[in-house]
Amino acid sequence: MAESHELNLQHHYRDMAQQHDAAKLGIWLFLATEVLLFGGLFCGYAIFRGNDPELFKWGEQFLDEFWGGLNTAVLLISSLTMAMAITYVQLERKRAAMISLTVTLLCACGFMVIKSIEYSHKFHEHLLGGLAFYQVSDHGEGHGEPTVALEPGDAAAGKKWWDAACRSCHGPNGEGVPGQGTALNTSPYVHNHSDAELVKFIEVGRTASDEASITKLEMPAKGGNPMLKEQDLYDVVAYLRTLQTEPVEVGSHQVSEVKTTAAPATGSLIDDIPRSTVPLANSAPSGLAPIDDTEAETMAVFLPAKKHEKPKVPQLAKDRPANAHLFFGLYFMMTGLHGIHVIIGMLVILWLMWRLQRGDFNKRYYAAVECGGLYWHIVDVIWIFLFPLWYLI
Amino acid sequence: MSNADQHHGDEIGHVIPIKFLVFICGILLFMTGVTVWVSWFDFTEIDMAEMGIIVAMAVATVKATLVGLYFMHLRWDRPFVGFIFVVSIILVLLMCGLAFLDTNAYQEEIIPGDTALVTEALDKLKSDH
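Taken in sequence, the protein lines are chains A and B.
Following my numbering, the numbering of the first sequence begins with 1 at its first residue and continues without gaps.
Following my numbering, the numbering of the second sequence begins with 1001 at its first residue and continues without gaps.
Hint data in this document are derived by calculation from the structure and do not stem from the laboratory.
Small disclaimer: the values here were computed from a predicted structure and weren't measured.
Mixed in with the good hints, there may be bad ones.
In the BS3-like style, the derived pairs of lysine-lysine whose C-alpha atoms are separated by at most 27 Å in a straight line are [unchecked claim]:
1) A:K229 <-> A:K160
2) A:K229 <-> A:K122
3) A:K94 <-> B:K1019
4) A:K24 <-> A:K122
5) B:K1019 <-> A:K24
6) A:K363 <-> A:K24
7) B:K1019 <-> A:K363
8) A:K24 <-> A:K216
9) A:K94 <-> A:K57
So, partial list: chain B residues that the calculated Cβ filter (under 10 Å) puts toward chain A [unchecked claim]:
10) I1024
11) L1028
12) V1038
13) V1055
14) M1057
15) Y1070
16) F1071
17) H1073
18) I1084
19) Y1106
Distance windows between CB atoms, simulated [as the list claims (entries may be wrong)]:
20) A:L36 <-> B:R1075: 50 to 58 Å
21) A:G26 <-> B:Q1107: 38 to 46 Å
22) B:D1042 <-> A:K229: 37 to 45 Å
Note that the Cβ used here is the ideal one computed from N, Cα and C, for glycine as well.
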């Protein structure tokens, strides 16, 4: 009977049923690894949510349950049509199967469109996860070159940044912190350079291996704080000017005209910018407060040399909770990985449509459709959990 | 039930009627609606803040089970297939359980110095000295 004309039977299987079962077993093993893959992320979610429920309460406001709910419905319907496609292939109703697969594909496209609407919103608001969360950057309008004439620095605003980004290494009054950063209030380098040049310098920093390095310690670019914009740096420098006292030569090894190899002071554009109007004379106490040892110590303990203070002011809202970047990091990781699965699923569906069109499948040979379907359903199952976890609770 | 018994002639596997699939999908959509609806309640008022999470996860689990049983044919497949799936879930739960053992020892902030909290902590350290 059937066995005689089984063109699709590979020789190492006893019959078509066994071949079909083997394929399904294979795909299920793969699906199990998918569960493990996403399981790790769900585990991370559970831990961080457990540790910091407030963070997730806060973050939820950025996720629109309308879009999330719509996407859930779209995926559920695509799962339905996928299951229908299998039934139709089993019944050898090719046209109906083709229509079902097409609808599935369209739903997948719909899902991705909605996803990209959501994502682009968040990209726009700089809510990308991880490190990028700190990059307020200049909206991609060229790098570093200011597009608007910069105002002379505002020392009051600068103090804020100083405390957030520089103080940990250079001390509250610029007197330096041993083992972290040099004194700037007495630095001849600061004294001898214009605001624009200093901004240029701070933008790049000075690595420990730089030959101009005095201390062989690292001065990170922007104090290790990519969030600082050019205007902020002018503010910081303006504040720095208020801290300045007379420069002192700290020994012959400290060259006053340090070659800033990393930051050549060739500012054609920035040299035209008016110098800070803040007088050089300091408003800081003339009798400098001695370096507070305990403070330096706690700083050193709390902020190891390479970990720099991040700004206190978030770009979103003043009350951005701690670990906000973690929320978005997890969000993008989980939904992004899921999105990648959807895209792969779309390719699989396209491939199935092509083979269906070619007339590959019949009621005894359709394991490919079934396996593709299983993959598609697991993508749906994962979304079934992602949706309430991110959008609802 | 294995695919070997062929009570529908010579085709392989169980054929699920379209109507039944649509019915299942209807239930799934309905449950999605329910989860959204429940999420609008403020359970903190009745001192059951966790309720929202519990309901949402319970509904999601039921939905996933329905998809698994009917859309993914687990209901009619060899039990071994379901076994693989269940084992993978148990492994995930095991991993979560182990990972949860020491979460209370985690650092409060992932990237120190990010926010006002750290500044506060620093100030506190200083004043304690």
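Going down the list of hints, with the structure as the test:
{"no.": "1", "hint": "A:K229 <-> A:K160", "verdict": "13 Å, holds"}
{"no.": "2", "hint": "A:K229 <-> A:K122", "verdict": "21 Å, holds"}
{"no.": "3", "hint": "A:K94 <-> B:K1019", "verdict": "18 Å, holds"}
{"no.": "4", "hint": "A:K24 <-> A:K122", "verdict": "39 Å, violated"}
{"no.": "5", "hint": "B:K1019 <-> A:K24", "verdict": "24 Å, holds"}
{"no.": "6", "hint": "A:K363 <-> A:K24", "verdict": "15 Å, holds"}
{"no.": "7", "hint": "B:K1019 <-> A:K363", "verdict": "20 Å, holds"}
{"no.": "8", "hint": "A:K24 <-> A:K216", "verdict": "62 Å, violated"}
{"no.": "9", "hint": "A:K94 <-> A:K57", "verdict": "48 Å, violated"}
{"no.": "10", "hint": "I1024", "verdict": "8 Å, holds"}
{"no.": "11", "hint": "L1028", "verdict": "5 Å, holds"}
{"no.": "12", "hint": "V1038", "verdict": "8 Å, holds"}
{"no.": "13", "hint": "V1055", "verdict": "9 Å, holds"}
{"no.": "14", "hint": "M1057", "verdict": "7 Å, holds"}
{"no.": "15", "hint": "Y1070", "verdict": "8 Å, holds"}
{"no.": "16", "hint": "F1071", "verdict": "5 Å, holds"}
{"no.": "17", "hint": "H1073", "verdict": "8 Å, holds"}
{"no.": "18", "hint": "I1084", "verdict": "5 Å, holds"}
{"no.": "19", "hint": "Y1106", "verdict": "6 Å, holds"}
{"no.": "20", "hint": "A:L36 <-> B:R1075: 50 to 58 Å", "verdict": "24 Å, violated"}
{"no.": "21", "hint": "A:G26 <-> B:Q1107: 38 to 46 Å", "verdict": "42 Å, holds"}
{"no.": "22", "hint": "B:D1042 <-> A:K229: 37 to 45 Å", "verdict": "40 Å, holds"}
In summary, the numbered hints that this structure violates are 4, 8, 9 and 20.
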